[in-house]
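Please build the complex by placing chain X on the supplied structure of chain G, with the hints as guidance.
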Amino acid sequence: MTFTGWLTIFAFVVVLTALAIPLGSYMAAVYTGGRTFMDPLLRVPERFLYRVMRVDPTVEQDWKAYAKSLIVFSLAGWLLLYFILRTQNLWSFTGLNPMGFHSAPWNVTFNTTSSFVTNTNWQYYGGETTMSYFSQMAGLTVQNFVSAAVGIAVAVALIRGIASRSGHSIGNFWQDVARTVLWVLLPISFVSALVLVFQGSIQNFSHYLSLTTITHLPQQIAMGPVASQEAIKMLGTNGGGFFNANSAHPFENPTGFTNLYEMLLVLAIPAALVFAYGRMVGNRRQGHAIYATMMVMFLGAVIVCYVAEAHGSPAQHAAGLHTAVVSGSSGGNMEGKEQRFGIAGSELFDVVTTVTSCGAVNSAIESFTGIGGAVPLANLSASEVIFGGVGTGLYSILLYVLLAVFIGGLMVGRTPEYIGKKIEAREIKLVSLGILITPLAALFATALATASSAARASIDTAITGGGPQGFSETLYAYLSEANNNGSAFAGYTGYAGTFGNGAGSHGFTFTDLLGGFTMVFARFAPILFALAVAGSLAGKRISPPGLGTMRTDNGTFVVLLIGVIVLVGALTFFPALLLGPIVQGLTGHLYG
Amino acid sequence: MATVTSAPTPAPPAQPQERRAISLFRRDIVVRALIDSVIKLDPRVQIRNPVMFVVEVGAAITTFTWLKQVFGGQALGGYDPAWYTFVISAWLWLTVIFANMAEAFAEGRGRAQADTLRSMRQETVATMLDGSTKRANELIRGDQVVVVAGELIPGDGTVIEGIASVDESAITGESAPVIRESGGDRSAVTGGTRVLSDRIVVDISQEPGHSFLDRMIALVEGAARRKTPNEIALGILLAGLTLIFMIVVATLRPFGLFAHTVISETTLISLLVALIPTTIGALLSAIGIAGMDRLVRRNVLALSGRAVEASGDVDVLLLDKTGTITIGNRLAAEFIPMPGVSEAELAEVAQLASLADETPEGRSIVVLAKQYGIREHDMAELHAQFVPFTAQTRMSGVDVDGRRLRKGAGDAVIKFVTEAGGRPPADLQPVLDRIGREGGTPLAVARDSQVVGVIYLKDTIKEGMRERFDQLRAMGIRTIMITGDNRLTAAKIAEESGVDDFLAEATPEAKLALIKDQQAQGRMVAMTGDGTNDAPALAQADVGVAMNTGTQAAREAGNMVDLDSNPTKLIEIVEVGKQLLITRGALTTFSIANDVAKYFAILPAIFVTTWAYTHHGKGPLNVLNVMSLGTPRSAVISAIVFNAIVIPALIPISLKGVRYRAIGASALLRRNLWIYGVGGLIAPFVGIKLIDLIVHNILGA
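Line order of the protein sequences matches chains G and X.
Under our numbering, the first sequence has 455 at position 455, and the numbering climbs by one with no breaks.
Under our numbering, the second sequence has 1167 at position 575, and the numbering climbs by one with no breaks.
Derived from the structure by calculation, the hints contain no laboratory data.
For each residue, glycine too, the CB sits at the ideal point set by N, CA and C.
It is possible that some hints are incorrect.
Unchecked claim - Negatives, chain X to chain G, calculated, CB over 12 Å:
id, residue
1, F645
2, T719
3, N729
4, R778
5, V979
6, N1078
7, A1102
8, D1156
9, V1166
10, E1167
11, I1174
12, K1190
13, L1282
What the hints assert, rightly or not - With a straight-line cut-off of 27 Å between C-alpha atoms, the simulated BS3-like cross-links for lysine-lysine are:
id, chain 1, residue 1, chain 2, residue 2
14, G, K64, G, K429
15, X, K1108, G, K540
16, X, K1084, X, K1054
17, X, K819, G, K540
18, X, K819, G, K429
19, X, K962, X, K1050
20, X, K1084, X, K1108
21, X, K1084, X, K819
22, X, K1050, X, K1161
Chain G with its partners taken away, still in its complex shape:
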């Protein structure tokens, strides 16, 4: 551990909070029809969009109508993306396939399509060996924008349900998506792409470069419109890398500054939405309480991971390797980490990307120490409520808030109420289901994958596949897919032979389909429950708070909420985590 390391973490938290507050007010204005400085520029394209999509943004939708629009929109997006990816060759005429890549097999494409439509960006393919520039831009990047917008729309709808004083409307899906893309995602992505280019990221349509390195060996250097995709990949908590190496690749994440900048991009919207929430429900302290909850858990993860990585792995200690900080070395476990980011820059990025549903990586998570590697697994076990994905984080934590309100409310002897609305049997039913889906999907898929011989191929490709590492990789894969995160513990694969232009390669149908269905189910089922909760709350009367009302904007509630989140996550995943990272953390033994 170094002073610079801690300073990086501290500075990051301060800058993030300072940015999130104004962005939160801006977003609250965007969703409540307030005026923003972007209005003059964006009103016209907004109207144009509605005309093209033939939708009426003034229609007030109840939760069912909202959900229907959302499903139709996502399904259409899925079909379009699948079509684009499977017909990659056909689009070569655009000149955006200089390397002449074929389409990936159907099963891998199924997985990839489900992955990008659900904001997961789990990748069984390597970008620079599979995707044409056209597929990256017209296919994947479009979904990077709209899948993020869908998540934010659901959060906004749930906020409206909580805040509404009458009626059953939770807004208009089309308007929410359009305004999210135009007012929030596009402007920030545009500026960010320029920042990345300025720092050394590339943005071109060139043929890959072939050159001879100083060791006189030939090397091919992949090219492409990297900066533009990188910006939305981070901002939309998508995480699907342009290159296989993701944010460890120098073209995606060239400098220490871009590393910090990209982490801020990831957390900007999830953090800002919490402040927007406080404004939209008319009590900013409610937002602050949720922010405090998230921040405490975030810092806990950051600190544990930093200490564990700086301490080094048991194997390093067993081998008598030097792990202390000395001049010129940050010590600790540097395996799988980039020198330009160091331990703090790597583990902070890793925590940022696993508490959210981003899943971009700048280091190899599978090379983390046992406990350091348990942190991303624990983050995923908390169902992406610590900031979480854009929108998804807020609506997920709000479900936990309602659960905590219910248990706490009983303990103060009143029918539980949140911001004046009574939490009754119907809400508890929806909340319970909404919360259970993600962990259940993850456990169920992992169990299928470990028990089924069809999935063994995915594990056995790794050298240590049979041991706890293989279990961690499997568990991580399905936790990541169920949480729509997309980061990987490596080793676990659903695609073999991605060499050359893609010819002759094949996917693992079982793994690809199981993952694809897990992502879709664990994305849309909780969304439906969250929208149903919004609809159920929207029609409720608001009771004014009194002395006997449990407060949800003070420290006691923050402690209760953290307790509920940790307990639900821990009780669900503790047995599974024991067999993976915890075994590895408790022993220096290497299992063959």
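Just chain X now, with coordinates in the frame of chain G:
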């Protein structure tokens, strides 16, 4: 002008009397509860409680496994010895039986309560108005029966003729007889009570089998118990938790196999039962039944569990001023003579004018006059003629020796003297206004054409009201006083008594509108009332507590009846309502927090050899055995034994209820989180370790 302040001191409000809790350890209750807890093993009973149903299924499977082992077969999915399977199976059955016992004890106590009630429901024969007779249990609504001294009233109804003193001790426990008379607000009678004097005609208002007593019996027995909204919501949450733990345990088997660890079915079932919230699942219905029992012991009859739960949510309490905040009547506190009249003279005139006035106000004037040394006169001796109060004159008085003495409302008396040719003194109006401003009622006193002075009638606030309102405020409940008085008077009394707000010049419509308005603002409204004109408001309020002394209309409109007719009983009702929720919440928290320790007991036991470096060695996960439990099997058994015996250990707390303290919601939450959350984390570590010391070190498992 002297002020006399010795108005008769009102009696303090009757302390709410409480029936004694029936001891849990009465022999008949224990025997019956033990038998019931076995009968309730019927799966058709258990299916209503998903948590305990899962335990029962687990018990059945392990029993089957054990039988299979006894007959030479192999345990399912493992290599357990038969004794281990047997012990686990036995404790799983015990877990279900303990849960049944909790419910059976609660029901047993209610049943004992009901038996006492039932014993007074004697078979009576009713005499109909036309002289014919009818068995009491055949009476229908609209029957009119005659009841004379010494007879039991055959059914609930309204007195339509006569007046009688009635012994209601059977239902209220209060031995002093009460007056029941036709007309007015004291006309309701209850079946099973005894007429002590006189003769009344009662119009029966119940259908057969639905009398007050019947409902009360059904209620305490738990027969009429339906799940309350919060109970349903909690039930859903518990079912959800059970579902997730089923998946956690089911997926653990393939995870274990991946790590070359075989986990037997018996152990998996043990883990499942340890994890699902059996503690709260077992005690949930006992908590509800016991809550009802606590209310009945406080002499409150709630017509639904929903109403009891709602009372915990009350934000606003509407109270009638008269009879609730102030003692029923205004009493004379001061004589204010007009210029030229001595105080004693005024006292004498006032006394004479009030001689025949039997109202409490009238009597209080006589009492006050005595302090001026005015001896009591006798109407007959004076040959005085009584002039009663009428709505037209708004005065009463006497005609004696050809002089006309009157007392009444200021304007009525002014009119009276003016008509008699006199002129009201200039000092009169300011005095009348002042008294009105101060919240009193001025009564002007006239002798023929002369106004001699004013009697100051004061509302007397009951003792201890301010403390009770403070208590309500601490619970988060605002009190609103309802009165027919004008704003000034109302404001004064509101201030003196410490209520938060008031509604002056209230009409039944205004009351109803106030309740609807508060409800529209999202508040839960409670109201106490007794009169027929309170009935619409009682029906509209979320919690309507009718006084047992009230009219039948009021008793039917409310959703609770207070047998003690104590308007501030609501404080206790709210406490019981809150206790119900707190007990459920606290035990849920405790139940879930317990799981952490159970994981630390069972998981290291399961994975003790997983990924061991050598054969027969212990694996890295053995370090998680932080309690250093003896053997894997003793660890699992200890966890299951702890899980089972924590249920009977918590029966007392679930029947008594977790204490409610009016310390504000946040402080209460902190307190309960410490006790039941943190306590729930720690307690099982200690408990399981202690049990393991017995199971492993003494019994050798």
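(request) Find the nearest Cβ of chain G to the Cβ of V1166 (chain X) and say whether that gap is larger than 12 Å. (result) violated, 9 Å
(message) Run the distance test for K1108 (chain X) versus K540 (chain G): straight-line Cα separation, threshold 27 Å.
(response) holds, 16 Å
(request) Beyond 12 Å from every chain G Cβ: check whether that's true for N729 (chain X). (result) Label holds. Min Cβ-Cβ 38 Å, cutoff 12 Å.
(request) Taking the shortest Cβ-to-Cβ distance between D1156 (chain X) and chain G, state whether it exceeds 12 Å. (result) holds, 23 Å
(message) Between the alpha carbons of K819 (chain X) and K429 (chain G), is the straight-line distance 27 Å or under?
(response) Cα-Cα ~16 Å, so holds.
(request) With a cut-off of 27 Å on the C-alpha distance, tell me whether K819 (chain X) and K540 (chain G) pass. (result) The hint holds at about 22 Å.
(message) Just to be careful, I want the Cα atoms of K1084 (chain X) and K819 (chain X) compared with a cutoff of 27 Å; is the pair within it?
(response) Violated, at roughly 44 Å.
(request) Measuring Cβ to Cβ, find out whether A1102 (chain X) lies farther than 12 Å from everything in chain G. (result) About 22 Å separates A1102 (chain X) from the closest Cβ of chain G, which puts it past 12 Å; holds.
(message) Would the non-interface assignment of R778 (chain X) survive a Cβ cutoff of 12 Å against chain G?
(response) For R778 (chain X), whose nearest Cβ neighbour in chain G is about 35 Å away, the distance exceeds 12 Å, so it holds.
(request) Measuring Cβ to Cβ, find out whether N1078 (chain X) lies farther than 12 Å from everything in chain G. (result) holds, 29 Å
(request) For the pair we were handed, K64 (chain G) and K429 (chain G), check the Cα-Cα distance against 27 Å. (result) It holds: about 17 Å lies between the C-alpha atoms, which stays within 27 Å.
(message) Over 12 Å from every CB of chain G: does I1174 (chain X) meet that, or does the non-interface label fail?
(response) violated, 4 Å
Going down the numbered hints, you'll see the structure goes against 9, 10, 11, 12, 21, while the others check out.
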